[in-house]
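Assemble chain B onto chain A, guided by the hints.
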Amino acid sequence: MTAHGWVPPGTVYGTLLNFRGEYAHWQPRMGDKPYGGAPKAPVLYVKTANTFAPHGASVALPAGEVVEASASLGLLIGEHGAPTHALLVNDLSLAHESYYRPPMKFRNRDGFLGLPLEPTPLAALGGIGGLAALELELRLHGVHQQTTALKDLVRDIPTLLKDVGEFMTLRPGDVLLIGSEVLTDGTRPRVAAGDAVEISAPGLKPVLQRFVAEEASDAGPPPVARAPSGGRGSALAQSVGARFS
Amino acid sequence: MKRARIAWAGAVHDAIERDGQLELLTPAFKGRRVAADEVVWLPPLAPVPRPRTVLALGLNYADHAKELAFKPPTEPLAFAKGEASLIGHRAFTVRPAGVAFMHYECELAVVIGRTAKHVKRGDAMDFIAGYTVANDYAIRDYLENWYRPNLRVKNRDTCTPIGPWLVDAADLPDPMNLALRTTVNGTVTQSGNTRDMVFDVPTLIEYFTSFMTLQPGDLILTGTPDGVVDCQPGDVVITSIEGVGELHNTITAPTLP
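Protein chains in written order, with the numbering used here: chain A, 1 to 245; chain B, 1 to 257.
Bound-form chain A, shown alone (with noise of 0.2 Å):
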């Protein structure tokens, strides 16, 4: 297997506290100092390139830290701040309990951005309207972890977009993720070096990375899209890979 190329060909940018689960953990706590409140635009963040982990790529992840995944879906922009085509995504970032002021290596390490082989046009899911119901489903090693449904979203994909617009204009290229959803415990999914994650929709093009061990070397190569070394979970991604392939 080896990692296939699309990578978005703008800004990326991610959102939070946009599904109900989370949000619904979240707002005993919207009160406290330092948040003084609900939040009242989107929470916004950016996925840097060097996040952008090709379908298919061996992603490093960093000794003892706790990295979580997240099954989102991605809408690229076209002309006129339109979305034209949507994509699933695997939102990487390590486990923080703050929303305050993190720090950017928690969500901009190399990789940190799961993608698929490309994304879908919408005309072919029933537009912005036919993503509603959609479910996405996330899986490691083939076992399932959690399953998103976009019914659960606070802002629905038209409003997201209007709000977002109300300061920033997406640019064709850009990519905006909905969100992501939490485990009932408020958590994300976990994992782990030797670990594969799948995340697929109806529709959809999957997104399945592996996870591997950083190396201790300072001057290692690039983290993405090294060959695949085998162990855990490398039946999965040979699997899938060459349904794509």
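Since the hints were derived computationally from the structure, they do not count as laboratory data.
Treat the numbers as computed from the prediction; the structure is a model and nothing was measured.
Please note: incorrect hints may appear among the correct ones.
Claimed, not checked - The calculated DSSO-like cross-link candidates involving lysine-lysine, where the alpha carbons are at most 30 Å apart (straight line), are:
(1) B:2 <-> B:120
(2) A:33 <-> B:71
(3) B:30 <-> B:71
(4) A:105 <-> B:71
(5) A:105 <-> B:120
(6) B:71 <-> A:40
(7) A:162 <-> A:33
Structure of chain B alone, referenced to chain A:
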């Protein structure tokens, strides 16, 4: 050498500074000189084959941290912006209607020159292509304590002027001893020196590249010193850094629908 990217005579051109004018590098006009006010100034950055990473520092001058009632951080406080927020020299920045506090931030911008991963502090300068001036405007009315500084404050269209020049790193051997100054309508409102950064440029490069690969053309906006004041439509804001350039910007009101 000081490099610019401009629009002139119906096309985009690379140019260099020569005797206070712009000398075009475009083959058809090579050597032709045009005046600064004959052109539209674009961000002095060559296009890149991937989304440009734009990193920006919060609270990287101890006096500014004090001004905003923060203790200096123990780790760089950084956030990322989209390239769409960048505009060039002599451009207009929109102040939203009904806000009370919009301020400039004069910042030394570092442009990465080589792919950089796990770079040690002592080697960091070798990875820099050059420097320019950025004005990282903030609208404090929109500040929320969720993933701060939130993008509604920091990633607005027109709110990150950058330029006018990209100054080659070789021409600026000591970037950590440069005076910064901002004037609003000719009155000095902000002055500082890059030597007062909490985390200096080599430290920032070591820090970022410890977990992320930076590519040629990526930007680090290194934070701003004390002295930010509110700016109103019509105000002319000039952010300048010794040896790097004077970045002019004019605040404007939103266009009524």
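Results for each hint:
no., hint, verdict
1, B:2 <-> B:120, "holds (27 Å)"
2, A:33 <-> B:71, "holds (17 Å)"
3, B:30 <-> B:71, "violated (52 Å)"
4, A:105 <-> B:71, "holds (21 Å)"
5, A:105 <-> B:120, "holds (17 Å)"
6, B:71 <-> A:40, "holds (26 Å)"
7, A:162 <-> A:33, "holds (29 Å)"
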